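Student: Starting from the known structure of chain H, fit chain B onto it as the hints suggest.
Residues per chain are reported as follows:
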Amino acid sequence: MKPEKTNDQEFTDRDIGDMFAIPVHYDDADVFAVRVTRKLQMRNWLRQWLVVLAGFIGGVYALAQFVRVPDWKLDGEMLSRATADTDQTLRAGAEFFGGAGRDVMRMADSGGYLSFMQTPAFFALSFVLCVMILGLYYAYSQEEAL
Amino acid sequence: MAFSIDKSDMTRQSDVDLVRLARAGTREAFAELVRRHGSVLRTHLRRMGAQASDADDMAQEALMVAYEHLAEYRFDGPFTAWLKKIASRRYLKKVRKDTRYVLSEDMSAYEAGSAPNDAGLDGDFRAHNLDAALGRLKPVERMCVTLNFSGDLSHQDIADELKIPLGTVKSHIRRALDHLKVLLGPARTDVKPALLETGS
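First to last, the protein sequences are chains H and B.
Under our numbering, the residues of the first sequence are numbered 1 to 146, in order.
Under our numbering, the residues of the second sequence are numbered 1 to 200, in order.
This is chain H alone, in the form it adopts within the complex (with noise of 0.2 Å):
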């Protein structure tokens, strides 16, 4: 234990670096602790999720290419049946996707979609989101950078 001062003795500055030292206790520190911890988890938790739900997109996104469930339209039909008794907010935005998924069903079938992913228009967003992406990446490694 270091000697208290008297008025007779001054503080040396090796003093002020004891004083720094010096451990400071917090009420709140076991808090603060867990919520830290809690914040990790909750970053590591959606972390993950994110890479399960991007694979699984993909994966879906994938296998839609070699595999044609039969007999599955998503057409105004079936969406009226599944919105039988329902009410009209939902059959409108049944009705919206409905008529989004039946376009979206004909390109497929048309081949269209080849022929729009060889235009230049879609090069040019490719290009702007490739450099987007790439520069909210920059951004966020300058952000979390040491």
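Please keep in mind that the hints were generated in silico from the structure rather than gathered at the bench.
These figures come from a predicted structure and were not determined experimentally.
We treat Cβ as the ideally placed atom computed from N, Cα and C, and that holds for glycine.
Incorrect hints may appear among the rest.
[Claimed, not checked] Here are some of the chain B residues that sit facing chain H, going by a computed Cβ distance under 10 Å:
(1) F30
(2) R35
(3) S39
(4) T43
(5) R46
(6) R47
(7) A176
(8) V182
Tutor: Just chain B now, kept in the frame of chain H:
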């Protein structure tokens, strides 16, 4: 394995062992490091000049960044020093926007009544502890002396981090120490190196 503050066994491990365990995927090891060094980090940021809530947020961020970059810790110094360096850089990045205020070399704004013995400051003021004394310093002096004594950064490192000349850093630290000695030193007889209570 879930994150939890499991104090069994982990409390007996050294920082080095805990870091190794955390790297190997034992999350309880990092939880113990957080419990062990969280307060130190919060104090360090407050002493640099951060408001209490900002300091806590930044300490949290620094700990999470440290977890992400645990593989980059080279065991070439105390783990606390590494954490403080991360936290300091994050805080400096934040205050850099206010550089003109915090890191200004123009001291005119602080000259009047800023020195402990000036008339503008109550002559009888003496700090009850280091934190109170630091609160009486100019922001840039406070930051330099804290980075030097608490952050274990050399004068040159501080000059590099703050992007100010080495000579300026030295004079800030010298002036800060002189002020702290006046505030904490001769006139007080009850300054004891006891546990400081600054719980929020």
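Student: State for each hint whether it applies.
Tutor: Hints versus structure:
At its closest, the beta carbon of F30/B sits 7 Å from a beta carbon of chain H; the interface hint therefore holds under the 10 Å criterion. With 10 Å as the threshold, the beta carbon of R35/B comes within range of chain H, its nearest partner Cβ sitting at about 4 Å, so the hint holds. Among the interface hints, the one on S39/B holds; its C-beta lies about 5 Å from the nearest C-beta in chain H, closer than the 10 Å criterion. A cut of 10 Å between beta carbons decides the hint on T43/B: the least distance to chain H is about 4 Å, and the hint holds.
The beta carbon of R46/B comes within 9 Å of a beta carbon in chain H, closer than 10 Å, and the hint placing it at the interface holds. Checking R47/B against chain H: minimum C-beta separation of about 8 Å stays under 10 Å; hint holds. Below 10 Å, beta-carbon pairs count as interface contacts, and A176/B has one with chain H at about 9 Å; its hint therefore holds. Hint status for V182/B: holds, given a least beta-carbon distance of 9 Å to chain H, under 10 Å.
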